[in-house]
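Chemist: What follows is the residue order along each chain.
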Amino acid sequence: MKNIKISHSLYIAGGFIIIFVLFLSSHTYTRAKNVRHLVKTLYFDRIEPLEQLYRVSNSYTAGIVDCTKKLLLNEIAWNEGRNIITTSIEEIDNNWNIYSKTSLTEEEEVLMNEVEDLKTKANLIIEKLLILIENKDREGLMNMRLTGEISSCIVPLKEKLDELINMQIIVSREMYNNIENNYIRTNFSFFLIVILGILFCVAFFLIIIYSIRQKIKYATEAIFNLSEGDYTTGIEGISRNEIGILLGYLETMTVKQKEVIQTVKSVSEGVAAAGTELSSASQELSLSASEQASSLEEVSSSMEEMASSIEQNAGNAKQTEEIANMAADNIEECNSKVSETAESMNTIADKISIIGDIAFQTNILALNAAVEAARAGEHGKGFGVVAAEVGKLAERSKIAAAEIDELSGTGVKNAEDSKKLLSELVPEIRKTASLVQEITAASQDQNSGSDQINTTIQQLNEITQQNAASSEEMATSAEELSSQADQLLEAVSFFNVGKNSGTKQPYKALMSKKKKAKKENWQKEKPKGVNIKLNKKGDTLDDQYERF
Amino acid sequence: MDEKQKANQNSYLTFRLGKELFAADVRYVLHILPVPEITEVPNSTDYMKGVINHGGKVLPVVDTRVKFNMPQVEKTKNTCIIVVEINSNNDTINVGAVVDSVHDVLEISDEQIQPQPGIGSKYQSEFIDGMIKEKDEFIILLNMNKVFSAEEVDTIVKTPETGNQKPETKNQES
Amino acid sequence: MNDHFQEKFIEEAKELVSGLEEALLLLEDNPDDTKHIEEVFRVMHTLKGSGAMFGMNEISEFTHNLESLYVFVKEQQIPVTKQLLDLTLDSVDHIKVLLSQKIDKGTLSNGLELSGKILQHIKNAGIEVLQDSESSDILPDKVREQDKIIDQQKSVATFYILFKPGKEILRDGTNPLYLLDELSTMGSTYIFRHSDNVPTFRKIDPALCYTFWEILMATGNVIDDIHDVFLFVEDVSTIEILKIADCNILDNSDFIRKAESLFVEGEAMSKAILKNISEELIVLPGKLQSKPVDKAVIPVSETGKKDNHKKENITIKQQPEAYENRGISSIRVSSDKIDNLMNNISELVIVQARLSLLADKMNQPDLSQISESVEKLSRQLRDNVFNISLVPVKNLVARYKRLVRDLSKELGKEIDFFTEGTETALDKNIIESLTDPLLHIFRNSIDHGIEDIETREKIGKPEKGKITLKAYYSGSEVHIAVEDDGGGIDINKIKEKAVNKGIIKAGASPGEKEILNLIFLPGFSTASKVTGVSGRGVGMDVVMRKIKDIRGNVEIDTEVGKGTTITIKLPLTLSIIDGLLVSVADSLYVLPISVVDKIFPVKHKELQDSFNNIIVLDGGQILFIYLRSEFVIGGEAPVYEQVVVVRHGEQKVGLVVDAVIREYQAVLKPVGSHYKDQDFFSGATILGDGSIALILDTNRIVSKFTNDNQ
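Protein chains in written order, with our numbering: chain A, 1 to 548; chain B, 549 to 722; chain C, 723 to 1432.
Treat the hints as calculated values from the structure; they're not laboratory data. Hints should not be assumed to be uniformly reliable.
The list that follows gives simulated cross-link-like pairs (lysine to aspartate or glutamate, DMTMM-like), each with its CA atoms no further than 20 Å apart [what the hints assert, rightly or not]: (1) B:K625 x A:D405; (2) B:K605 x C:D1061; (3) B:K605 x C:D1058; (4) B:K623 x A:D357; (5) A:K158 x A:D93; (6) C:K1223 x C:D1212; (7) A:K381 x B:D652; (8) C:K1320 x C:D1340; (9) B:K683 x A:E395; (10) C:K1320 x C:E1199.
Quick list of the computed label-pair ranges, beta carbon to beta carbon [as the list claims (entries may be wrong)]: (11) C:K925 x A:E340: 48 to 56 Å; (12) A:K413 x C:E1328: 55 to 63 Å; (13) C:I961 x B:G603: 40 to 48 Å; (14) C:K1327 x A:A400: 57 to 65 Å; (15) A:H379 x C:K925: 21 to 29 Å; (16) C:P1360 x A:K413: 39 to 47 Å; (17) A:E343 x C:D1411: 29 to 37 Å; (18) B:P619 x C:D1411: 31 to 39 Å.
Being a predicted model, the structure only gives us computed values, none of them experimental. Beta carbons: idealized from backbone N, C-alpha and C, even for Gly.
From just these sequences and the hints, can you work out the full model?
Modeler: Take a look at the structure:
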């Protein structure tokens, strides 16, 4: 029950009432419908057949028996008699048919079958009767009457029919009793249901109201606590209904607020501590500013010396560069010469190989010639000698060619080696030259750099003095900051958030102690700005330096 | 050496094969050529190197190294072909002989020619006409008709176990 | 007269004799044709003249008699009869013997006998002959008269010509001696040479001409014709031409003597005096004497300038051009010289190929142009020289005509001999090798082929048999067919004989061709009787062997009762074959194109996968030979290879090569006896770039392969 939302319990109550009403009305409706059905049966199955049965019975007695009698008495003509009889028969049949179609009880059906049998018998008689009438046979008719042929069949029929009529009435009575009973039962159940429903509704609503009241009461207590600034009591027993949710959010809010308050508390403590540190730091700052100013002057004089040496350096570098470039050019020229030499050597080698070929061919020619000469015998002798000489010459030129070839080969190789070495050398020298060039450029850069440094140092001095002034101002501001942080702490201490509450007091005391100490210091050592002019060697200000 | 009616001096062309120096009677020598492109003739005896175009004629060329059972070597600048004219089967035929280098034409008198020592000689005696000693070196005088004959010669070298291996003929067919 | 000139004369005389023979045979067919008589006469005249000139007196004298006889024939005092012709032909044979210079007693007596016969013939014709029975000088007057007639048929005049060539004339490539030769062909000449100016041997510059000539010439030509001779040298030479007489004054020895007396070395004669002398002599014409024979005088008889053989009367089936342009339109060159020329050209072609390569490499338009021109020229030159070495079949004809005539006479048959396409040319070596085989074939045809007259009459053939020699080109081959209308060869008879001899089995039924080819077996003759001419069974096998030797083939076609044709199929030349240049790896080979049937590109893989070296090409199964492995050449085969299908007899075999490059006319060169044992090559050829390609002998390759694989 606790967890069901209020709206839900209200929905349930309303739904319950609706169901109750619906049940009630449907109960009443079925009862009424039942009664109607009974009444309808009573009328159609009992009262109307009553009439029909009566007409049948009447037709037999009045129509046929009477008519026969009247015929015998000549009260009516034959024709008329016949008409009456046929009409009676028709009526009997009509009514009987209608009746037989109504709903019948078992007893009724037994009776009806009996009537049916009698009716057939009666019909035979009636047909006979009709024939007699047709023949206008008075005697026959008479005879029939006398023999009781007619009455013997019609009387039991009539009895049976009366029996049926009676039965109708009995059944109707039974039905009425039935309806009466029904009505009494209906009344009883109706009143019972109404009373039960009312009782139930009352109980249900009482429960709902109670639970809502309980919750609201709890919430109110919690919110009251919060308004008192007490954040220590947590909100418990959170149920899931609307009130529960409300309390839930409220709890989240208190947690968050608790955190914020704690943060504010610790920050303001921090601020207070920082303010103290700040004021001591700004004091140190003003002290170091003075030291800086004196160092700056020394720097300035060293820079001057450096500038002059840089200039000298740059000059030397430039000279070196020129020399290196010249060397590189020379080597390059030398290199191309070596290449040419190598090429010439190669050409020589080529040509020499041709000479070698020629020598080879000459040798072969000489051999051929020698062979020819030898073949020619005595006549060829002189020629053979020449051929041999030529062969020797060829051999010698071949050897010479081979030597030259070898020499030129070595030459080419040497040339190529030196070419290779020189080629390697040139980029090195070039590299040196470019490095030296870079040095020159760097020196120049340095020169202008040192000038810039000087001016920068000047600027630096000014800035240092400004810094000293600023640091004093800063100290004041720091003190103010500390006091404001204290105020803040005081304000925040209204909230009881449970934790940190123990440190509150000692911290505050510490702060106030420090504050006092610092105030004394600041009073004592108030720094004075120093005006440094580095370019003019400020000997006049040396005294001031000494003071620090 | 069927006609020795001429004085007792004869000219010989010396040439080298490997380390050995050989001499050929110049009467058989027609010409000395640098080695041209040689067209191989498939399925011929292995000492037949092929044919060359010699002045518009097709000249068969003998690989003399193979004939003398020496290992084959790469052609050098000094490699030459000696065109010889020999008698084979009563027919004068021309044939080229590949040699490592051609040296000289020497005048040699018959007295200088020594017979081939029967024992300790490398070559079958029928191919050698004699030996000549010239400047501390023995020159082997060849019987050109025999050495370059068109008839199939089994082996010139005496030791047959290192003899010519027949060329692998046809390992054809699957 | 040294041997050299005599040799020249004999060569020329042989040609003349064969011309004479030919003319006589033509005359036999057309006895009334004066044109032929004149030709015969002309040849005899020339023969006589030149024979005398070169000291061949026997010939000169013998021919003289014959010529006398024909003087009468020409004058139609003696009719052209068979007897006359037989006599003449016998005489021609005698002349041949005389020319062979193997003269013995028999020859001489034979000559006397013939001379006697000739005289007898003249006598029989009822012509009075001087009773000078010596063989030497019969009817000199008559003949001389005839000479005169010939000489004076045209208005002969005598000219004086001074020909002083410029010193530099030799440098232009002109040979002044040729000009003199040319003059000599125009008529009788009497030449004075002035060689005085020729310096001593030490100082002589062989490139200069130091000589000049004075010529006295009797000719029927007009002065312009003489000028024409010098047409090309007129500018650089001194030419003077002067008519000194209107008749042939050169016959007058007085004139010559006087002219010689006028001749002074180094100086031109006085024309005026010459003219005077001539005029003086002409006044006394009766003093003509015999021709002067002098060392310095070279009389040249007129040979071909008389165009009296016009074509109007050509009625016969013979080739009338036989002696039509008989003028000096050809020169005789020894075949060695042509062989040398061929070799030179082969080398030229090779050098030219190198030039082309170089030109391509240098890429200089001028050089390329020159190289192209050289290429064109060398190709033309090569073709021309190939043509020079070809000889028309005509040269064979006369011999066989004679053979047919003589043999048919001997056998009592009458045979007409016809020729067709005798201008078809063949390599002279082939022509020479053909003589004997053709002789056999002709003998066979005459002896066995043509029936005797009675038999022919009986079976309703014309009395005269017919033998035709046909020559024609067929592709790269020349076919020479000998056709007769004789009885043909009875195949059954051959078969019977073959069975008898055990060459074929009794039950076997070889094809017709195969049976016919049995004739070529040694010792196989079907002739039932052995005659002196043939039937000994040595004929046809010799024929076949000889023809095979020159890479030819022989085929026989025959029909019993109708005749036989024997066809000799020959390559155009022995030294050139039409080939297909193919490559296997880096090597090039030439296949004779005549055996190539078709070429198919086939994937290497297909060949590898094939079973038993058989692939299906063009729907047929073909055995292939993989040359790469056959020649033991290594290396990777290309993806696509070429299968060159060649005919091997009836069989077709594929040779697998890497690539077919192109057709190639290959000059066949022997590879030498060092390669006599190898099986694959019939020779080698030198390609344009100087490298060598081997020529495949497909027949041997295929047979060897099939034998090896059996």
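Chemist: For each hint given before, does the structure comply? Return the numbers of the non-compliant ones in rising order.
Modeler: none
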